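Q: Fit the two chains together into the complex; they arrive one by one in their own frames, and the hints show the way.
Which chain is which? The protein sequence lines are A and B, in order. Add 1 to the 1-based position in the first sequence for this note's numbering, that's all there is to it. Add 1121 to the 1-based position in the second sequence for this note's numbering, that's all there is to it.
These are computed hints drawn from the structure, not numbers from a lab. All values reported here derive from a predicted model rather than from experimental measurement. Backbone N, C-alpha and C fix where the C-beta goes; we use that ideal spot for every residue, glycine too.
If you want the footprint, here are the derived chain B segments under chain A, 3+ residues with CB under 8 Å:
#	stretch
1	1143-1153
2	1156-1169
3	1223-1231
Quick list of in silico lysine-lysine cross-link-like pairs, DSS-like style, CA-CA up to 30 Å:
#	chain 1	residue 1	chain 2	residue 2
4	B	K1173	A	K137
5	B	K1145	A	K137
6	B	K1145	A	K125
7	B	K1205	B	K1257
8	A	K125	B	K1257
Far from chain B, some chain A residues (derived; all Cβ distances over 10 Å):
#	residue
9	R181
10	F194
11	I307
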Amino acid sequence: MMEDVVTNINEWLDTNTFHHRQFWDLLNLIEVKERQGLTISLCIPTLNEEETIGKEIVVLKSELVDRYPLLDEIAVIDSGSMDRTLQMAANFGADVYLSADIFPEMGFNRGKGENLWKAIYQLKGDIIVYVDADIKNIHPRFVYGLVAPLIYRPEIKYVKAFYDRPLALSNEIRPSGGGRVTEILVRPLFSLFFPELTAIIQPLSGEYAVRRTVLEQIPFPVGYGVETSHLIDVYSRWGLESFAQTDLDRRVHRHQSTRDLGRMAFGILRAFLKRIRAHEIVSGMPELTTSLRQFQARGNEFEQIIYDIAEEERPPMIEQESYLKKRNLNN
Amino acid sequence: MMNRHENDIGRIIEMTRELPSRLKPFQEMLLANLVMIGEIPASTFHEQNRVKFLVQRFTECGLQNCSTDEFGNGIAILPGKDHKKTILLVAHVDTSFDNRVDHTYTVNARHVIGPGSGDNSLGVAVLATLPTLLSKLGIQLQSDILMLGATSFREQGNLEGLRSFLANQHTDLGFGISIEGVPLGRLGYHSMATMGGEIVCKFDTNHEHRPGAIHVLNRVIHRLCRFADDPLNDATLTLGTVEGGASYKVPARSATLRFLFKSDRDEIIQETTEEIRKIIQTVQGETDCWIDLEVFAKCRAGGLDPSHPLIQQSRRIIAGLGISPIESPHTTVISGFHEHGIPALCLGITTGEYINYPDEKVEIAPMVTGIAQLIGLLLAYDGGCCDEHK
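Chain B extracted, bound-state conformation (with noise of 0.2 Å):
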């Protein structure tokens, strides 16, 4: 069973080389797809109208029970030759940019830029085109495809739309792959236990006279930094955004902290809150400022371990194209599938810039290898050689 199935992966990886070239002559309805999903605005929360073009795409490639779920997610199935196994492909439609942000694209000889075109635009266009691009290739697995554009997935969203799909899902889902716009060789199988929050400090009345809020966020900030940088604390903290005040000539009134903490162990995260708390109140009765936490994104850690076939064979497809795997302690999807046992990877598409900036922007030339890695992982666990041997 072994040689056999050695055999196949050889023959996959020979066979997915060639995928490049002969995916080049289709690259430019990918880059269609990617122009017209990238310019209609999708925020976390906001999606439905990128759902709404996703759920079409779907439609107009023939796919089965194309549909948009109580969660606003957009559902299709690509059927398989026998139904056996399903996989679960996954692009999450929400982007970081505001709704009134001008999301207009430009397309240049070697980059399509705008704002969302990384994360996850692309994402949501190999998605749209994958259908398309099998039937050109004569592609048919023997598995299904469940296709998923996942909604509040981003931030506050914490991977809503994908939990609560899975929790309300009923077929046997043998394995997902969450596919990212960037960047390419992203190889993400674990995820961290996480804590992601928000700290509000806030004067409710005059404050002319005090030190502003600013002055109380910071003095959260140095103690969550000490608290981070002790040797005996097992968590990393990540300081994302700072928000505060009106004027330079005034304190400020209000000031706002998000951040991250990771960790290996969700026993640590519980542990961490509960200190955060305690800072909170510490530094509240130092001072007379109101000061809220609001906790918007939690994972559990876990995931598939280094050695799982899926990602042995993972890694030697991606570097039978020429790649060097990215492999990452921490992909937040993943804690999605794990809550739910199945078994999940997180690829990227091509290489990008700016990520999250509104002049973000991504790389054509190596769209067609990402897409060709994509094709191989799904024909390597089609054809039996992801799976664990007993």
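For reference, chain A alone in the conformation it holds in the complex (with noise of 0.2 Å):
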């Protein structure tokens, strides 16, 4: 069994894992996507990211629909920022939407999940690529290298990106994975229960473009356990050989202070556990809280911060009628 799990793997990377180098021909890349009559959407979600948009905006325009048609739309979807980043994506002419604005009948919820959910109910795209907004360093790598997979073989349905593979050249060996709350968290979990999503370097990374018949058949936890959660429905319903990644090279971003990283830790557990618990993986759990008891010290006196994440979940967009309207699905 466990050989089988090693062999898959093995199979695996050598067959479904890129860099995005492979994909540098972007008029090929386009026009393999133009004779397959695909289109793709991007969108970002956000929260006061006016410090990051306006860069990735003007980027990922220029290269990708202006330069290179492969994109036909760029969204931003945001959760209700306070700062200006609405008015420098639409300045440098992305589309903006407020996710409360989207699909108002199903109410709002703050958090990522919740924007990346009712991107497939505003979007058009056949493929929907999703790409952080604190990316400091954006390039047009982050989009074409995860798109194109999806274009090249049809068979693939969700690829993800991964970053900061140790130099060829180097002799130097450093761990290549994910950040903390990765190898603290997640690759532990998956080792015990889903073994063969191990292979997927970082399964937390916030890019990764999927096929629209995949996004609107899952589930979407609106906060944290949201990329955790995708990786194990589609897991479960199409297998490892649905997936691809992507070697994005480098990625600059915000660092977040431990603390933080304890309440995505929490979300992305809720998130996890109930899926063991829908697949009967293991039985007997009791009911899950959603309180998560932090300290903090003032003076000689530790204070006890109690966060409530409660780890919502949207349902496959398919099961919407107002959806099944929308896109002319009800027959």
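A: Right under this line is the structure:
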């Protein structure tokens, strides 16, 4: 059994792990895309990202809409920024939406997963590529590196990004993987319950491209758990072979505090355990609390801070009558 | 003939006035190139990655002869209709920032901010974007445009990329334009004679009980200033940077001054160089400090006369866009062209602040005007409006 897992992982790593340099020929990529009649939407979920959003829109629109027409739309879906994120994005030519204004009969939750889910409703593309707004070294590879495997390989459904591979010329050996939450929480959990998913080098990376036919069939936790749940749900339904991953080299972004990562880990763990229960992998699991308790020191005293992290989940979009009607899928 | 050219330049000035609004829809292409070029570090002598990107852009634009020469310069040709004349467009690719500095750029509603954004990532971005802009505007010149991303330009580089290119190329270049990011309105067409260099004062042995190298350098600086202030002397001195020492507690073991002398005449700079050597010998004799002079940047005086038709028409084109020309008595790059007898001028594209500091920034809105003046000037030269009357 374990041998099968190792074999599958090795085969998958050989065939479904790419480097963005393999897709440098954008003219050819666009030709193949157009031959298939595919449309591609870029979704950038935002909350107070005025520092980086301008550059991201300028570079991606100029390079991947104007110069090389790979993208059919660029949309910013915002959770209610208090800064100038929306004005900046609109100023440089992105379509700008407030998450709360999309599909309003479903209400509004604040969270990245909510914006990603609303994107399925709002955007037009057969492929949606999600790119976080906090990338300081944005480059077109962050998009074409992810959509190219979907264009060239019809059997691939979901492409994740990974970063910072050791230099081939260097003798130095460095761990190449995810951040702290990936290595301390997600990778051990996957090793225990979904060992094949450990092949994905950075399961929590915020950049991925997915076919609409997949996105509309999976539920979306509105907060931190969205990436982890996607991997489990897509894996459970379509198997490891439906995934690919692309090395996008270096990604420079904000550093998060350990306290913030604690909250992230809590949300991920809740989403994970929910799936463990749904798949009947473990039984007798108690009702999960939504409260995370953290401490901070003030003078000689410790103060408790209790966060409520409910990690609500949005249902598969395909189950929504309004969506079916909008996309003429009723028949 | 005069009347025909007068009509032509009038028409070109009118057309140039409309260009900023016609260029506005393509502004993001320039900004994207600025960001992508600016984020590739390119300190002097280490510009190869930036040149590689530039040449790739030239190739993507369908230019001819896209290549890198033996001096590391990036080169391409935008062919004209009749190939009778060739215009050289040059932007230096190197910046004043070490390649280890964080080169991440930021774009906000008004500015692009990042090291080297104005000097000279924007100039290089204009070079990379111009072929696309001309194509979008439906403009094809009669003349060929030779695009040059010049390496080893700044400070110790001493225009080496440009000088080597000009010394080794065989095209009859009718006219050269150097594109600088800032400031908009800049109109440089003359170079003063200059000598830029470095004076290093250094103690080789234990020096704790002596005045340190900074004291010695101070003596040198004092004498240089006295020489520069002498009313009989025609050279002006700029004290650029001073570095030295390791701690506030101990006398400095070494100290370095970087400076520039300028004059209208080459022979004055020659005499100044001799005078500096004498000052160094004198101070060296008074102390037992080792003092060395390295001259790393030398320019000959020369360039175009302010009444040259090229300059006159440039003034009119710039003024036609509502900008006051900023005419500088000294633009280093002109010296490189002058040595090869090529008429040339230097233009700026936009306004900027904190140039050569890490928070260097350039203003977005004026960029289309800066490009409009460049295109206007290309059209004027191409149409014969800048020819000297015999």
